[in-house]
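**Student:** Sequence:
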Amino acid sequence: SGEAGRRFPVAGKSFDLGHGDVVIAAITSCTNTSNPSVVIAAGLLARKARAKGLRPKPWVKTSLAPGSQVVADYLKASGLQEDLDALGFQVVGFGCTTCIGNSGPLAPEISKTIGDNGIVASAVLSGNRNFEGRISPDVQANWLASPPLVVASALAGSTLVDLTKDPLGVGSDGKPVFLADLWPTSAEIAAIADAFVTGPRFREKYAAVFDGDARWRAVEVTGGETYGWDDASTYVRNPPYFDGMAATPAPVGDVIGARVLALFGDKITTDHISPAGSIKVASPAGKYLVEHGVAPKDFNQYGTRRGNHEVMIRGTFANIRIKNAMVKDETGAIVEGGWTIHQPSGEKLFIWDAAQRYAAEKVPLVVFAGVEYGNGSSRDWAAKGTKLLGVKAVVARSYERIHRSNLVGMGVLPLQFEAGTSWESLGLTGAETVSIAGLSTLEPRAGLTLSIVRPSGERLEVPVVARIDTAEELEYFRHGGILPFVLRRLAAA
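The opening position of the sequence shown corresponds to residue 764 in this note's numbering, with each subsequent residue numbered one higher.
By construction, these hints were calculated from the structure, which means they are not laboratory data.
Since the model is a prediction, treat every value here as computed from it, not as a measurement.
Be aware that a few hints might be false.
[What the hints assert, rightly or not] Derived pair list, reagent style DSBU-like, types lysine-lysine, alpha-carbon separation capped at 30 Å:
no.	residue 1	residue 2
1	Lys1030	Lys1043
2	Lys1030	Lys938
3	Lys968	Lys1050
4	Lys875	Lys776
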């Protein structure tokens, strides 16, 4: 279409940008870079592209994070790293990089062009996660590919290019170059693997793997059997899971007059609930880090801050692409980002800020969602953050199995609508109050009733099923979660 082919100038650059342009091409550390065949294939493709005079498009940010130091070693020994280097795929480090949001920022002028013009830019990576908002805040379309196809995509510069028939570029001889011209044969890959992926190379690299490098050996530790919490740390803090915990659990109380924190649609992933990517300066988590003396360049990302509950609570429901149907713009479109509408004030707030206000008001919270709530990675913080925000129950049309179990494990009640019922069919706006009775006598998979009161005073009685599926889960729930349950068991032993 015309819109798909539209290009936008980039200030100070000789190129422009359009929808589908690949702005990140990353051979990442997990999954694929422990497979010598595909890593060698990427190097051979780079070698052939280099010989033909091809280069990645100037708007593509390239990187290589080998799965281990052995991978880097055999790439260097075979000479393939030199070819990858020539195409911009230098080794940036070992460990989690682009696939968890550690791609680093795009060039400011590229980021601005994308944001100002609503460009749907692409990232192509060889990782195993492509949830929206995870790879980069500037990238909406994330594509998973093998390492050689990551290199090919960097050369093509756009995911609108059909790699099976369109040229990747023009060679130094002025002729178009196709993927078939560059794709290595199985024999070429095997020759490199046989010569350089050898047992002695692995034994040499791993002989002292548990010693660590000089920096690791220089880390000072206090010793002892228990961890000494550092109140000044922004990485690891003493979490509040056991604060005020009595020796025996109190009876589970009913939920009375809860407010709606969010109305979510279908297939909300654990990455939506608890993002693993970069932390924005203006977000509640970013503000917390700045207040605690952390410069934005040192924010790292949510994945590395998982030991600090203060960051992770503020990051719950803070994915830049999540959509809470309570929050709409002047056109009626749902606003992206971790926002909600505080009730009854009607004020638009970050979800974290609203949850804090509700906590001060001693108002419990509920979340509504659609089908497959909590799919994706089995991320414990998606349940932990929900609990610590003050959410007493989640009401959805269906759940991903592990996240449902994790909610119970944190003492959050998962409720499921009957078939054919949804928050949309009930006409909920988020301005309602919600009460749930009968929790002190709850049984596995019991039928319960949501008592929903609209601002007009109209009352709805909505049947739901408690998705506490087993007697063991019910015991966890009665204790306020699996952590208090286990601690009480240990204390009583």
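**Student:** Each hint: holds or not?
**Tutor:** Verification of the supplied hints:
1. Distance restraint check for lysine 1030 and lysine 1043: the Cα-Cα separation of roughly 24 Å lies within the 30 Å cut-off, and the hinted pair is therefore satisfied.
2. Distance check on the hinted pair: lysine 1030 and lysine 938 sit about 46 Å apart at the alpha-carbon level, beyond 30 Å; violated.
3. Taking the CA atoms of lysine 968 and lysine 1050, the gap is near 42 Å; set against the 30 Å cutoff, the hint is violated.
4. Restraint check for lysine 875 and lysine 776: satisfied, since their Cα atoms lie roughly 13 Å apart, inside the 30 Å limit.
Against the hints set out earlier in the document, violations occur for numbers 2, 3.
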